[in-house]
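Participant: With chain A fixed as given, assemble chain B onto it according to the hints.
Protein chains in written order, with UniProt numbering: chain A, 1 to 301; chain B, 1 to 257.
Treat the hints with care, since some could be wrong.
[As the list claims (entries may be wrong)] Quick look at which bits of chain A chain B covers, simulated, 3 or more residues with Cβ under 8 Å:
no. : region
1   : 57 to 64
2   : 149 to 155
[To be verified] Okay, the calculated bits of chain B under chain A, using three or more residues with CB under 8 Å as the criterion:
no. : region
3   : 48 to 59
4   : 132 to 144
Everything labelled a hint here was simulated from the structure, so no lab data went into it. Ideal placement from N, C-alpha and C gives every residue a C-beta, glycine not left out.
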Amino acid sequence: MGLPDASGDLSSEMEVDAFRRLFPLRFYERHLAESIRPDGRPLGRARDTTIALGAVTSADGSALAKIGSTTMLAAVKMEVMTPSMESPDEGCIAIDFHMPPICSPIVRPGRPAEAAPVVSKQLSDTISSSGMINLKELSLVSGKAAWMAYLDIYCLDADGALFDAALLSAVAALFHLQIPAVSLNDDGKIVVSEEDGGKLEKEPVNKEKRKLTLRSIPFSLTCILHKNYILADPTSEEEAIMETLVTVVLDSSSQLISLYKPGGAVLAYTSAVQDCIALTRQRVRELQKILDEANSGMEVD
Amino acid sequence: MAGRPGTNPTTYSPSLKTQKTRSTIFKDQEIDWVRPDGRGFQQCRPAFFRTGAVTAASGSAYAEFGNTKVIVSVFGPRESKKAMMYSDIGRLNCNVSYTTFATPVRAQGSDRKEFSSMLHKALEGAIILETFPKTTVDVFALVLESGGSDLPVVISCASLALADAGILMYDLVTSVSLSCLGKNLVIDPILEEESYQDGSLMITCMPSRYEVTQLTITGEWSTPKINEGMQLCLDACSKLANIMRSCLKEATTSSQE
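Excised from the complex, chain A in its bound form (with noise of 0.2 Å):
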């Protein structure tokens, strides 16, 4: 079949259309020989990501992540409960990743999509693992009473990275978690303190709301390998195409949390893993400017 020409009428961008669905890998490969993407993108870029903190008011804390069209809504809710023998003075965190079946045509109702049980694996093990949040802080009363988090993010829109945004936006929702105030009732339960100060027969047990104090955020940059080509940040387009796939997961301090490379055609020699975490290095520090920049536009309302 002859390759189109860079003619600009109608009749060539038909056939461009028309290629990119009939030979997806030779319309990719022509655009990785010179070193770029089809969005423009050069091979380590990663695709705009913007951070909106307090999307959900129902919720104790919650953050929308975009990176690109790829849109994670994650949001906190803490209930309370009796902490186990083993470990009185911890909380505890139930992590859930929910596709709906808004986010892309493959899911339908009542058939959950293959990715969500595995990214929501992942995400829970690389969270627990980085040991981000200190499960101390959210005792209430020791042996009595702790917090437990459930953070449930939704994909709204799925268009390739889906680990990445996730995690994002469950860091971002528990940057902006905010523990309400409680106290102790007569009952034995914990209720929520009443704003104007409340009757002295409850005993506070948590005075005001408090922030968690989060060390090692964990940040995170899925890779495409393909021949000698390291794709970073894949459209869904790309990963249907090209399907060996890297996610590298570091923390702030450029600590290597987690590598995961589930299968695939190709290879990854020590030079590729390597050349992927340095993407990662880059993509973690703008990561957490953004994270910060975010933070800060939340602190001034």
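Facilitator: Then chain B, alone, in the frame of chain A:
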């Protein structure tokens, strides 16, 4: 997740259940209800619409009415499931679900089957199904935050998403609900008002054609009250349709630039 026991621990939400008993509010018929957000009884919340919220879908819309936030995606017309019989008119498939954090107390985030079927009934009268035979149009709604009057917002947002997807319809479909609190009719109720209501009236209509596609009334209503309620709602529906139309026009002019 250190310290996580084998089975899921039971948790409870610490929020106060300040359910002032209804009798103390409405015992004295002279005392009127004051709306917590300071609106008049016949004033709706300011409506915000945006189309094109989800790029993966054929058409989508985001609606925000006060604290009620909804996203609707439309996929299609696409192939019907293999098990379905041939049909020379199109099929409409609707699904409404809530996030776990939408309600003040965390819930399981399940599909709302009754809302899904009500959304279906509200939209099927307005869509010209003959234009897409043998195929299915899927309308999926996700309620991000529930601040009262959820289903009407979902219906209005769904018709905007269908317009964004280019599905042919007879007219935009708008929906407004009304609560009856004692002797007062309160339009576009918030969650608190819905919990105290004596009855509710929800109208879904096609404003330009002055046709009603769905009418749902619960509670005890006298005929003059129903007439008054319907008039208020139809009025609000046509104003809402104007807002939706201007949103669509803005979307097309900005895409042409």
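Participant: Within the assertion that chain A covers the region 48 to 59 of chain B, do at least three residues meet a Cβ-to-Cβ distance smaller than 8 Å?
Facilitator: holds (count 5)
Participant: Can the region 149 to 155 of chain A be counted as covered by chain B under the rule of three residues or more with Cβ-Cβ separation shorter than 8 Å?
Facilitator: holds (count 3)
Participant: According to a criterion of three or more residues whose C-beta lies within less than 8 Å of a C-beta of chain B, is the region 57 to 64 of chain A covered?
Facilitator: holds (count 4)
Participant: With a C-beta cutoff of 8 Å, work out whether three or more residues of the region 132 to 144 of chain B approach chain A closely enough for the coverage to hold.
Facilitator: holds (count 5)
Checked against the numbered hints above, the structure violates none of them.
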